[in-house]
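Asker: As given, the protein sequences belong to chains V and W, one line each in that order.
First residue of the first sequence? That's 292 in this note's numbering, and the numbers climb one at a time after it.
First residue of the second sequence? That's 13 in this note's numbering, and the numbers climb one at a time after it.
Each hint should be verified, as a subset may be incorrect.
[Unchecked claim] Straight-line alpha carbon distances no greater than 30 Å define the calculated DSSO-like cross-link-like pairs of lysine-lysine that follow:
(1) K185/W with K196/W
(2) K200/W with K121/W
(3) K19/W with K91/W
(4) K91/W with K457/V
(5) K457/V with K148/W
(6) K368/W with K457/V
(7) K19/W with K453/V
(8) K148/W with K453/V
(9) K523/V with K148/W
(10) K19/W with K523/V
(11) K268/W with K457/V
(12) K148/W with K121/W
(13) K148/W with K45/W
(14) K91/W with K392/V
[What the hints assert, rightly or not] Residues from chain W that keep clear of chain V, each with C-beta distances beyond 12 Å, as calculated:
(15) D94
(16) A103
(17) T130
If you're looking for bench data, these hints aren't it; they were derived computationally from the structure.
Glycine included, every Cβ here is placed at the ideal spot set by N, Cα and C.
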Amino acid sequence: MNHRRYVDFLLTALAYLVALVMFFPILWMLLTAFKTEQNAFTMTPHFLFVPTLESFKVAFEQGSGYMHYALNSAISAVVSTLVGLLLAIPAAYAMAFYPTKRTDFTLVWMVSTKFIPAVGVLIPIYLVYKNLGLLDNIWGLTALFTTMNLPLLVWMVYSYFKDIPKDIVEAADIDGANTLQTMLRVILPLALPGLASSGLLALILAWNESFWSLTMTDHSAATLAVYIASFKSAEGLFWAKMSAASVLTVAPIIVLGWFAQRQMVRGLTFGAVK
Amino acid sequence: MAIVELKHVVKNYSGKASDATANAVDDFNLTTKDGEFIVLVGPSGCGKTTTMRMIAGLESISGGSIAIGGRDVSHVAPKDRDIAMVFQSYALYPHMSVFENMAFALRLKKMPDAEIRTRVEDAAKVLDIAHLLERKPRALSGGQRQRVALGRAIVRQPQVFLMDEPLSNLDAKLRVDTRAEIVKLHRKLGVTTFYVTHDQVEAMTMGQRIVVMLNGKVQQIDTPQRLYEWPANMFVAGFIGTPSMNFLRGQIGTDKRTVADAHFSLDLRGPRGDVLAAHGAAEAVVGIRPEHLSYLAPEDAYNDNVLNGTVEVVEPLGSVTMIQVLVGPHRVTAQIDSHVSVAMGDPIRLRCQTEKLHVFDASSERSLLQPPAA
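All chains should be modelled from the sequences, with the hints used to inform the complete structure.
Answerer: Now the structure itself:
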């Protein structure tokens, strides 16, 4: 009994430690954002200081202003997620309920496209975009995000659809529903928690994306990743401003994640417990 | 209500329709009467469910044709066949209330709300689930879900009902009750019904005609009573009836009337002897049901078609007693009066009712008897 309690205590302590280690960079970013540049740059870290909003004020006005970048991030993340779901749902539906000999292969192939490092395809995509005039274009970036997240969305939605018994689809079929009606009135309501968590994940991934944002956009389509990067300069102090910009960048998605948390957990464990 | 016609229906998953051994369903022919209750029965993998799914349109057919109410539906989508199906798993829509589950098909047909309400409420009343209409399926017991699944089928007023082992998820008592209710419901609605089961008791009690299947092939299509009395082959004979029919393989005697080996000798007289005489083979299999064997007291002098053996197992069921008797190497089950006291190891004499014997070809296993015209 005592031994058991001892183990429990150790495990709890370990969990807290791991949580702290993972949370520390975010905490440090948050603290730095409220410091003055001089304070942020000291070699001995300060945990106690007089907080100031100075860095936020400067950061908010930097470049074209925070709102310009935030709007681009929001458009590219939301639109790419919606279009991604719109494409992934029918694809996953076909593969989950009407599998063929090549369904497994198709799924693996789709994910295998994620195995290639993005830099590997940077030059061809850059050239294509250049010739199509899609560089620094928000819709060009959105299209990239969509294709980037599509394999993941198909996989996730597929696995949620797989949890729905095929009998239910057949019952709807016999009840006189066409494919669209089956999908809208039977399958989607049942898979809603799963779809919500898939969508949220795609949204977060697109929001946080920096590689393509930095390489394919310059100004008019620049997202928050570009905004943060713009604070880095060869001279002068920028840590506090950059931290403030980072806080402004992660805040919306953290707030959204907080509200979606319940739905998300339900979605991630959907089908695991029956 | 409709006549359903299946003509030379074939299902082949390999895609090579010419290879008959690979057929999941092979040359299925059946024409129902209007409003008939047909039971498809057989061991698992016999093709009964595949046949039903082909009628539903959930499986494509590899050959032949299916017509419902005179309309060829061989390649028509399930939703356009005007059929309703009760699934083994019930397949209720988990996110809809009982009412919406039953109303779903009607809503898709754009039926006016008032009529939907009337139909659903009528069906609910018949099935005694009127008090459950607002509940979700997860808040229902197995028996209630089963009723909702039936309700979803009957509100449609379809031409054909298909039921795929609808009782197999219910406990034994509920199964017997629901069995009777489905039969009552069928007699009341008069809709042509196909019912799939692996349980021969269910088949016998519910079916107006029974299709016995094995390995994708129809073995026999007949009424329950005729299946029992005139099984077409040894498989049907052994499958229908509990306990199973006993089979005794022996040589046909020189008089062409007896089948015998070193341990038994059965004299087949009358029409049974005539078919044996006409048969001409050296061997035959005699079939005798346990209920057509009876106990002979040791002092009884009766000596016509008697099996001599040793009691191996005694199973009292209360009303009757089942005994297993070794007749030489043959194990024979007999149903005897429960008041007769026999014990393991006792010698025993069993009288065969000669007029109830079946005779089968030893190689093709087909019955040699000619059933009277139906």
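Asker: Output the numbers, in ascending order, of every earlier hint that fails for this structure.
Answerer: Numbers 6, 7, 9, 10, 11, 13, 15, 16 - these are the hints that the structure violates, sorted from lowest upward.
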